[in-house]
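Peer 1: Quick mapping for you: the protein sequence lines, in order, are chains Z and S.
Those letters in the first sequence? Residues -5 to 404, by my numbering.
Those letters in the second sequence? Residues 17 to 353, by my numbering.
Misleading hints may appear alongside valid ones.
[Unchecked claim] No more than 20 Å apart at the CA atoms, straight line, and that leaves these computed lysine to any residue pairs for SDA-like:
1. S:K62 - Z:T391
2. S:K227 - S:P207
3. Z:K57 - Z:R257
4. Z:K322 - Z:E86
5. Z:K57 - Z:R397
6. Z:K57 - Z:G339
7. Z:K156 - Z:R335
8. S:K282 - S:S229
9. Z:K195 - S:K63
10. Z:K322 - Z:E54
11. S:K227 - Z:P392
12. Z:K195 - S:D37
13. Z:K156 - S:A122
14. Z:K195 - S:E233
15. Z:K195 - S:D71
16. Z:K156 - S:T35
17. S:K227 - S:I273
18. S:K63 - S:A38
19. S:K227 - Z:G339
20. Z:K156 - S:S229
21. S:K227 - Z:E86
22. Z:K195 - S:K282
23. S:K63 - Z:R335
24. S:K227 - Z:T391
25. S:K227 - S:V277
26. Z:K322 - Z:P32
27. Z:K156 - S:K63
28. S:K282 - S:E233
29. Z:K322 - Z:F46
30. S:K227 - Z:D53
31. S:K222 - Z:R72
[What the hints assert, rightly or not] What follows is a set of in silico ranges between Cβ atoms, one per label pair, in the way DEER data are often shown:
32. Z:A151 - S:A278: 51 to 61 Å
33. Z:A151 - S:N181: 22 to 32 Å
34. Z:N289 - S:K210: 55 to 65 Å
No lab work stands behind these hints, which were simulated from the structure alone.
Glycine included, each C-beta is placed from N, C-alpha and C at the ideal position.
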Amino acid sequence: MKNTPTLSLHIPEPEARPGDEASFDRSALPPAGSVPRPPTDVCATTIRDLSFSLIRVLDEDFKAVGPWNPRLSPDVMRSALRYMMMTRAYDERMYRAQRQGKTSFYMKSTGEEATNIAYAFALHRDDMCFPAYRQQGLLLARGYPMLTMMNQVYSNAHDPGKGRNLPVMYSSREHSFFTISGNLGTQFPQAVGWAMASAYKGDTRIAASWIGEGTTAEGDFHQAMNFAAVYRAPVILNVVNNQWAISSFQGIAGGEASTFASRAIGYGFPGLRVDGNDFLAVYAVAEWAAERARNNHGPTLVELYTYRGEGHSTSDDPSRYRPSDEWKAWPLGDPIERLKRHLIGLDEWSDEKHAALGQEMADLVRDTQKEAEAVGTLQGGEQPSPGTMFEDVFEETPWHIRRQRQQMGV
Amino acid sequence: MATMNMIQALNSALDVMLTRDANVLVFGEDVGYFGGVFRVTEGLQKKHGLTRCFDTPIGEAGIVAVAIGMGAYGLRPVVEIQFADYIYPAYDQIVSEAARIRYRSAGEFYVPLTIRTPYGGGIFGGQTHSQSPEALFTHVAGIKTVVPSSPYDAKGLLISAIEDNDPVIFLEPKRIYNGPFNGRHDQPVIPWSKHPASEVPEGHYKIPLGKASVVREGAQVTVLAYGTMVHVALEGVAEAGVDGEVIDLRSLVPVDIDTIVASVEKTGRCVIVHEATRTSGYGAELSALVQENCFFHLEAPIERVAGWDTPYPHAHEWAYFPGPSRVAEALRRTVEV
Ligand SMILES: Cc1ncc(C[n+]2csc(CCOP(=O)(O)OP(=O)(O)O)c2C)c(N)n1
C-alpha cells in the first residue's frame, strides 16, 4: 500500500447559508487610496499585483483619497447620484409592476448601479457598449427615455422591440447600446469584434462589455479574452462580481482559487480589481482603461467587486440559499449612500436635498409608469400587432415566411 | 473569361469583393499568410494587406463572435471555418446571435456575415472531415444556407452572399473543389477545365440567392440535389437510363419553390438526393414541400437517397456515400410505379 490518502472531491461552498451569520472577509480589503495608479501605457506584466488588490477611492469617512481619485466636479457627482437614484427607483417600480401581474419578469440592479453608470460618465457617448441584462443604469444615464424602457418591459405597442423580447432586453443603436441577449456571455467576444472593426477603420471609438462573474465560466469569456489579447483590441471587458449567479456563489465560477481580475494575467493584459460600490473608483478605472484602449495599448479586464442586493430576478427567492441579511454584512456598503455622504462631506449636498431628489425620482418613475400603462401592459391595452412577428427575420421576407403570415391571416 | 476550378473561382470572388469594398474582411484559421488549407484565400493577404486577410486563433466560436461584432459595426466579414465538422463550437454564436440579432433588435442591428466552410465526404476524411451539416442551419430562422456545385456558381453565389445583409452559411463541397466528381470513385478525376461551368468571368457578377438551376431538362422524374450530389445525380440519371430533370437547388434557404413545383407538376415524380444523414435531413423538408405543393400531380412516392444514419466511416467511405448506383435504383423504382 502506498502511503497516500484516498482522493476526495472538492465542492465549493459559500461561507454562510440561510440561518448562518453572514460574513465577508474584511481583512482582504486594502485601505482606500493604497493601490498605486500606473501610467496607462504600462506594461501589463509589471502590474499583476493589481489583479489581487482592490482599487478604492472613498475611504471609511467618505473622503476621496489616493492616486485613483478622479477629482470629479461636484456637478458631475450630483449628476451621477441622480442617475443611480433614478435607476434604483425605476427598478423598484418595475419590480412591483411585475408583482402586480403587469409583466412577466423583471431584474433589478440594486447595489450595482455604480458598476455601469460610472461608465456612462467615463466613456464617450458613442463608445459602443455590449451589456448584459443588469446594466439598465447605463442606458438611463445615456439619456434613453425611461418611458421607452417601460414600454419594453410591458411589451406594449410602443416597445421599439415590437414585443419580442423578455423584459429588460433593451437595444438602442442611437445610444450605442447593443441589443441584449438572453444567452450569457455571447456579447463579450462580439464587443471584441466591434473594437477590432473600429481599429481596422482607424476610428477613435472603443467598445466595452459587461458580464457577471458566473458567466466567466462560459467559453465565450475565453474567446473574448484571447481575441482581445491577440489583436490588442480597444475594448474594456468588465466582470461584475456581485458574488452570486442565481443561487451559486462566486466560488462555483472559480472565484475561490484566484480573483476574476487575475484571469487577464495569462492573456498578458491588465486585470484591475475595483471596489464596484465606489462610484469614484469605478469611474477612475474606466477612465484609465479607456485611455489605454484609445492609445492603442489594447484591452483591460476589470473586475467590479460588488454585491447583488436583491434576488436574481422576479423568479428568484434568495432567502433559500443565502442569509437574508447578507447585504447588510457586505463591507463595501451602498454606492448611492457612499457618494451621497462624500458630497455632503464636501458641503455640496445635504440630507434634505437628497430626500428631495429621492422624492423627485419616485414621482418621475410613477408618472412615467402611468404614461406607459396608458399605452398598454402585457395584460392588455395596445399591443404590437401579431403581423410584426414575421418581420425582421431577414432584411427581405422570403416566400415561406410570407406564406406563413398569410396562413395566420395577419 | 478565364478557366477556373472551384478554388480559384472562390478566390476570385473574395479578391473582387476585397477590391470593391473596404468593409470586406477575410479571416479564419490559416487563411492569412498561408492562404488556407484548401488554398481558397491564397495570395489575398499579400495583395490586400495584413489587416484585410488574416489568421485567427483556433477558436470557431471566437471567429464567428468577432465577425458578428464587426458586422454590427458596419463591416462585411467573410470568415472561414476550416471544415464544416468544426463549426459546432460556433453553433451558439450562429444560432442564438447571428441569426437573431436583426429580429431581436427589430432591425437596429444586423449581421452581414458570410461563413464559408468546406463540407462533405468522398475524400477519405473519416467522420471528422466529411460531414454535411446543412440541416442544422436550414432549421434555424434568420440564416441563409447556400451550396454551389460549379466554379461559375461558386463565384456568383459567394459574391451574393457577401453582399447580402443577413448571415449566410456558405457550404463548399470540397470533393468537387478540383473537378466535377460524379461518384465514380474508381475512375480518374475529371478536372474542371473539361466542364463548361469552369468558364468564369474575372470581374463582379452575382447569382441571386434563392434561385435554383435546371442542369438537365427531363420529362420522367424530377431529381432535387445540391453540391457534389448534383453531379452524382446526373450520373445516376445516365445509369438508370431515365429522362430525369435534375435541379441544382444552389440555395437551401430560401429555396426556389417555384422551380421545384413547376418541375414536379410536369414529371409527377420526385427523387431527392443528399449526402447528409437521412433522418431529419434537408431531404425531409424537400419531401414535405413537394407533398404539400404537388400532391395531386404525384404519381409515385417521393424517394430520398441519402447518407446512412451513421457517422461517416473511413474504410467504408464508398459504401456510405450515396453514389450513382443508389440514385439509379431509386430512379428506376420511381418511374416504374
Ligand atoms: C448560456 C446560458 N446559460 C444559462 C443561462 C441561465 N441563467 C441566466 S442568468 C444566470 C446567472 C448568471 O450569473 P452571473 O453571470 O454571475 O450574472 P448576474 O446574474 O449575477 O448579474 C443563469 C445561469 C443563460 N441565460 N444563458
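Peer 1: Could you run down the list of hints and mark each one as holding or not?
Peer 2: These are the hints, each one checked on the structure:
no.	hint	result
1	S:K62 - Z:T391	39 Å, violated
2	S:K227 - S:P207	26 Å, violated
3	Z:K57 - Z:R257	31 Å, violated
4	Z:K322 - Z:E86	19 Å, holds
5	Z:K57 - Z:R397	66 Å, violated
6	Z:K57 - Z:G339	7 Å, holds
7	Z:K156 - Z:R335	42 Å, violated
8	S:K282 - S:S229	16 Å, holds
9	Z:K195 - S:K63	18 Å, holds
10	Z:K322 - Z:E54	16 Å, holds
11	S:K227 - Z:P392	12 Å, holds
12	Z:K195 - S:D37	13 Å, holds
13	Z:K156 - S:A122	7 Å, holds
14	Z:K195 - S:E233	49 Å, violated
15	Z:K195 - S:D71	18 Å, holds
16	Z:K156 - S:T35	39 Å, violated
17	S:K227 - S:I273	9 Å, holds
18	S:K63 - S:A38	13 Å, holds
19	S:K227 - Z:G339	72 Å, violated
20	Z:K156 - S:S229	38 Å, violated
21	S:K227 - Z:E86	54 Å, violated
22	Z:K195 - S:K282	53 Å, violated
23	S:K63 - Z:R335	61 Å, violated
24	S:K227 - Z:T391	15 Å, holds
25	S:K227 - S:V277	13 Å, holds
26	Z:K322 - Z:P32	33 Å, violated
27	Z:K156 - S:K63	45 Å, violated
28	S:K282 - S:E233	11 Å, holds
29	Z:K322 - Z:F46	24 Å, violated
30	S:K227 - Z:D53	68 Å, violated
31	S:K222 - Z:R72	58 Å, violated
32	Z:A151 - S:A278: 51 to 61 Å	42 Å, violated
33	Z:A151 - S:N181: 22 to 32 Å	27 Å, holds
34	Z:N289 - S:K210: 55 to 65 Å	57 Å, holds
Hints 1, 2, 3, 5, 7, 14, 16, 19, 20, 21, 22, 23, 26, 27, 29, 30, 31 and 32, counting from the list given before, are not met by this structure.
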